[in-house]
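For reference, the chains in residue letters:
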Amino acid sequence: MSNQLLRVTGISKSFPGVQALKDVQFELDRGEVLALVGENGAGKSSLMKILSGIYIKDEGSIFLDGVEVDIDSPKTAQALGISIIHQEMNLMAHLTIAQNIFIGREPREGLFLRERALNRKADELLKRLGINLDPKALVETLTVAKQQMVEIAKALSFDAKVLIMDEPTSALTDVETETLFTLIEGLKRTGTGVIYISHRMDELRRITDRVTVLRDGEYIGTLQKEQLDIPTIIEMMVGRHIEESARPTARDRANNEVVLKVEGLNTRQLLKDISFELKRGEILGFAGMMGAGRTEVARAIIGADLSEGGRVHINGKPVKIKRPSDAVAHGIGYLSEDRKAYGLLLEQDVNTNVLLASLRDYTDALGFVHTMKGKQKSREYVASLRIKTPSISATTKNLSGGNQQKVVIAKWLARDCDILIFDEPTRGIDVGAKEEIYKLLNDLVAAGKSIIMISSELPEVLRLSHRIVVMANGRITGILDNEDANQAKIMDYATRMGDEKDL
Amino acid sequence: SAGGSDAGDAAADTDKPYIALVSKGFQHQFWQAVKSGAESKAAELGVTVTFDGPASETEVDSQLQMLQAAIDKKPDAIGYAALDPEACVSLMDAAKTASIPVVQFDAGCNSDYPLSIAKTDSLGAGALAADHMAELIGGKGEVAIVGHSQINSTGVERRDGFVEQMEAEYPDITIVDIQYGDGDHLKSADIAKAMIAAHPDLKGLYGTNEGSAIGIVNAVGELGLDAGELTVIGFDSGQAQIDAITNGLMAGAITQNPIGIGEATVQAAFDAINGETPEKVIDTGYFWFDKTNMEDAEIAAVLYK
Amino acid sequence: MNATPVTDQTRVGGGTPEPRRSATSFLRAQIQQSLAFATLVVLLVFFSFASSNFFTWSNISGILLSTAVIGILALGTTFVIITGGIDLSIGTGMTLAAVMTGIFLVNLELPLMVGVIGGILTGGLMGFINGFNIAILRLPPFIATLAMMLIAQGLALVISGVRPIYFSSVVGFKDIALGFVIPGLPNAVLILFVLAILAYVLLSKTLLGRYTFAIGSNEEATRLSGVDTRKWKIVIYTVAGLFTGVAGVVIGARLDSAQPQLGTGYELQAIAAVIIGGTSLLGGRGSILGTLIGALIMSVLINGLRIMSIQTEWQNVVIGVVILIAVFTDALRQRRAAS
Amino acid sequence: MNATPVTDQTRVGGGTPEPRRSATSFLRAQIQQSLAFATLVVLLVFFSFASSNFFTWSNISGILLSTAVIGILALGTTFVIITGGIDLSIGTGMTLAAVMTGIFLVNLELPLMVGVIGGILTGGLMGFINGFNIAILRLPPFIATLAMMLIAQGLALVISGVRPIYFSSVVGFKDIALGFVIPGLPNAVLILFVLAILAYVLLSKTLLGRYTFAIGSNEEATRLSGVDTRKWKIVIYTVAGLFTGVAGVVIGARLDSAQPQLGTGYELQAIAAVIIGGTSLLGGRGSILGTLIGALIMSVLINGLRIMSIQTEWQNVVIGVVILIAVFTDALRQRRAAS
Ligand SMILES: Nc1ncnc2c1ncn2[C@@H]1O[C@H](COP(=O)(O)OP(=O)(O)OP(=O)(O)O)[C@@H](O)[C@H]1O
Ligand SMILES: Nc1ncnc2c1ncn2[C@@H]1O[C@H](COP(=O)(O)OP(=O)(O)OP(=O)(O)O)[C@@H](O)[C@H]1O
Ligand SMILES: [Mg+2]
Ligand SMILES: [Mg+2]
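Sequence lines, in order, name chains G, L, B and X. Take 879 as the starting number for the first sequence in our numbering and just add one per residue. Take 183 as the starting number for the second sequence in our numbering and just add one per residue. Take 44 as the starting number for the third sequence in our numbering and just add one per residue. Take 44 as the starting number for the fourth sequence in our numbering and just add one per residue.
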């Protein structure tokens, strides 16, 4: 018996107006990690959804252990030993972690569920995987990152022959990412084949054995481990050469005008005495471990959550922000980390989403919205951000994950806020687009805007931020100038759980 | 609105006898007239009454709950109008156990316990409507009925009295359609219009209660028919029907004596409290009224606005 | 009517608002999208064959008149349903508005215009309270409006003294529903059409409409985009309440009286009209034209069955089955279109 | 992980399906969660002071009896609402079940047991059809069950011949509701409690309950996890239908007759009970104990107002206001707990 586990050939799939996949092929061996890379909308997720029975392919063949299989439902895929971690979170928020992991496979005794056995099984699984979560906790109480860990645990709980991971690390910080890599190493040893989708190039060399590249729904080629070379991969992906820019040049210190000043911000749950300043034309990075409270700082500032005792000054004047509309009125825009839940009107078209925050600009005194100008604007953003969509009237839900993210960015660019808070702006965005977004952020600050950028990717924080705020456990543990910062230093501050503070 | 219903526990504190009336409804003008008759009689006799009834005459279950609550209030007597003759039997037993005398009005319960009933002969009233209809359309032609209920006893009897009288006495008159509008004015108007459209030769329409009758009047008005082009006969009174008769859109109507029903019910209950036996059946009568006799003292007394 | 770039979210797989060029192409697009329209045509053709008395001007005008009240209620409710909410208080709210109009015009003898506006504002006030309860106190719309339904029902009885208020003394009031500004077309129908155009404009051309769809699609995302969703929800429920108020005036004028016991049941009929017209209870999609067609389907069906002298007890069975078929074929077509 | 940080999705709705350790800790948790319980206690205390006739065994047992039918309907509907659906057909469906029981027992003179089971299965069949229409034909629950509501209403009239069917000839039938297996406690109340326990077990200890919550939380994710959500939705609606069937038998026995015109309005009352009990119309959360308390609140309130001889027209106003207050304080408490 050969070592080949899975082979797909000639796969095509089209949606109304979109040819998502054209004659795509790849192979996966036992105990191998195959990376699938490509730009946003290249067709990676669609291909994986075909393998896991969510979409039905138009053409092509799938061979598992050399036998052609017909995967017509998620259940069939599960039965065949194909398990998937979806790019978009797919959990039942009102159920517990244990109930989520074993949904559809509950231990039973006659008619009755064995809740205790279920929790025990989940506990064992989580312990075995080194994931520190209480199986009885409700999923809705978890942060995005922890939810992602639950998804991973769920997928691993099937003793799958083929495990598909669609951007599993996009919501994870380095520590959890390491945990995941350890798990993958273990799976390789047991002969599981892993298909790994990621936009994080540095991960590829770490764990993959082979890389298959897709572009515009087509198969471009496969690189063996020995041939792995990031610039080559990127060139295959985007069809052109990408220049990585260096770290930001030290800012012109002459301009020290403070546009946003936050003092003594607390929330009942987590945040303690958050104080910092944002200067004009600056990118202020926020780094920290998952759950450190960075998102919560942003939400508290814009009035999305209740906060206590904080004072916020904009351009030196104290302001009261009780709800997000106040924040936007004061020129603060917030781009959330969870685009599906908090960023997009998924059922509406791209145009509606792009214009959502700036509709008033197109509204006359009588309340009538004049959309011609607005549509022109949307088209411009679709073009300038290279959003891959058939037209601005396509339903946002049908865009690929990365392109959805770009739509959210376009929404805030259209609103033209002075202060922008980007929470994980490049989550799920391909390398090419990432560079574009970096450039965009730099252009924005060059044009006098000020940006807070929350990111879990340290290289990204280091590349863009003029200064870096590091948080741990709801406190600010350090604020560093870019010149003084490096990954080790940030990690040091990010893991200070006590009260030590070093500014 | 009118007093008298502030009783309940208040009644228990005074020495005034307390009579709980559980009606079939309270929203319709008919029941409001019964209520006012009961309240004026109560004032005269120096007793306290409360008047309760479900929102619609289909709510047999909630009426039973009202009756149950009335029994639990330990009144000196209960006046009851049964929505269903059978469903109430067990609660009559409960009243008996609690030694609360029960008198009835409008419709009775299939139980030996209640002492009396004050009511209208609805079959006879329906037949009287048929007689007048026949006379007004000249003994032949098509007529139709807009009913208010095809199930509760008054709706059924007012319809059946009409239908049977027509069949028995006026073979040249055909009843071409019977539909039911729940006594909803708007629905009844739309039904009447559809009937007029469907039967271009229609001579007369009969509405079995105030809402049905006024619905027909509205339909006739909306279609711009001249007064008398279509013979409309109504049931019960109320301002709108009196107006319609005055301006000729309605030929006439049958009225019961709801005020008299209310009065007789309270009187019977009062008698029962005082250990007297009221008359078993008190027929409060029904009357035909039209432009010619509306002002007569006897008729004016039973009309309500 | 040339520049009609409409974002009117009709449905289609995912409700994509295509840019429309002209009024006719817009109409065509809308109608093609809506199988409800086909159902309406089928019903009209069927009843025309089944009864020679169906397709007469008098009967058609009767159908339109009987659509007016439910139609006006349905228009207002369309907004609420597109936000993902629901309004159960429209039936009895309408009654309370009619009763208040009666109080203003008959008891207080205020001028006609003042009384009518008072009645409409009564509806608006109820809508405002609903909006407040839902947006500020964050009660579920179903329960907030259910409570308002009970309160309005009770208040209508209390305020009227549990008796009808007759408008016969008020000169010109009846004409609001039954007069003819356009010969042959009762004013109530005219009001329905005017309000439909107003609702259409509101929903597809104004900020209110945009935010209605946005809130229905993802309220939290809309809020985070800087839209004061609480304020807008109050506005939307208030608008729905104003439509309810107009319905109250129209039904009062049509019956020439305020009947305080009326109203329950109207809300479900209006909501059914909205849904048959293709608006989704999940929020985010819906159209005014669809609602109008839905309301017409209901009244054509009811009228046709009456014209055919179908027994009252069978009528509901038939209506239920037709609703199922209409909504099912529509869902089927949408799924076809999507794939 | 004992501190439970809550994201803002938690704001709405009520009882959460947490794993429970023992009966008492379960009770405590449920009751603490539910301010509805406090509302109930407040009402009981208030009415006891307001009227000496309120807190008598006869009246309390009367209240329980009047809770039985709405309570049983509400139990079944709890499942449906937790899935994020709704069932408007329970009121008239109950009536149809009662009528069918009458047909079986009175017209066909089948044995008591057979007739009763036949009535219950009638409810189950309607539920199955609802489930089929919703899960397979993918109709929106609101419209599918609205259509079923109309159909059941019509069929009840048609099948009964538009007259009540009396059970007086059927020995023992009445005892199903009014007999006493437990002295002093009418059987209808016993049935309510037994069914509540059954529903509780179903909801929290079985696969059915787990998938009910899962579907309500995220139907798509549940389906992608390999659960046959279509099948389970049919099962859930069928279960709700069976409860409706039992309610039909109980109301038939209580009235000793099948009243074919009854039923409309019961659905809203039952749904109100479910929501007052903290189950969210958005799906994913709810509890049986909450529903029971919600149903009791409704009937205590109605009874108390009657015992106090509050004028009928005022009763609805008071009920509406109390519902608002109850749901608002509950929402408030939850928000407090959340932050
Ligand atoms: N259900 C759908 N309906 C219509 N178009 C779709 C659908 N699903 C995917 N597409 C389209 O197919 C193309 C491929 O999308 P896919 O999600 O597979 O991209 P991807 O490679 O996973 O991108 P990303 O890295 O951004 O996640 C995109 O153009 C997308 O818009
Ligand atoms: N230790 C904790 N105690 C209480 N709540 C916590 C804790 N950790 C995280 N949380 C919850 O998580 C949220 C804080 O995490 P937040 O999302 O702000 O972190 P983050 O730094 O942005 O990390 P992420 O990468 O997960 O986005 C809060 O909403 C809080 O409820
Ligand atoms: Mg993808
Ligand atoms: Mg975060």
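Keep in mind that the hints were calculated from the coordinates and are not lab data. It should be emphasised that the depicted structure is a prediction, and the values quoted were computed from it without experimental measurement. We put the CB at the ideal spot given by N, CA and C, even for glycine. Incorrect hints may appear among the rest.
[As the list claims (entries may be wrong)] Residues from chain X that face chain G, not an exhaustive set, calculated with beta carbons under 10 Å: (1) Pro154; (2) Arg206; (3) Val244; (4) Leu250; (5) Gly252; (6) Arg253; (7) Phe256; (8) Asn261; (9) Glu263; (10) Ser268; (11) Thr281; (12) Gly326.
Which hint numbers does the structure go against, in order from smallest to largest?
-> 1, 2 and 11
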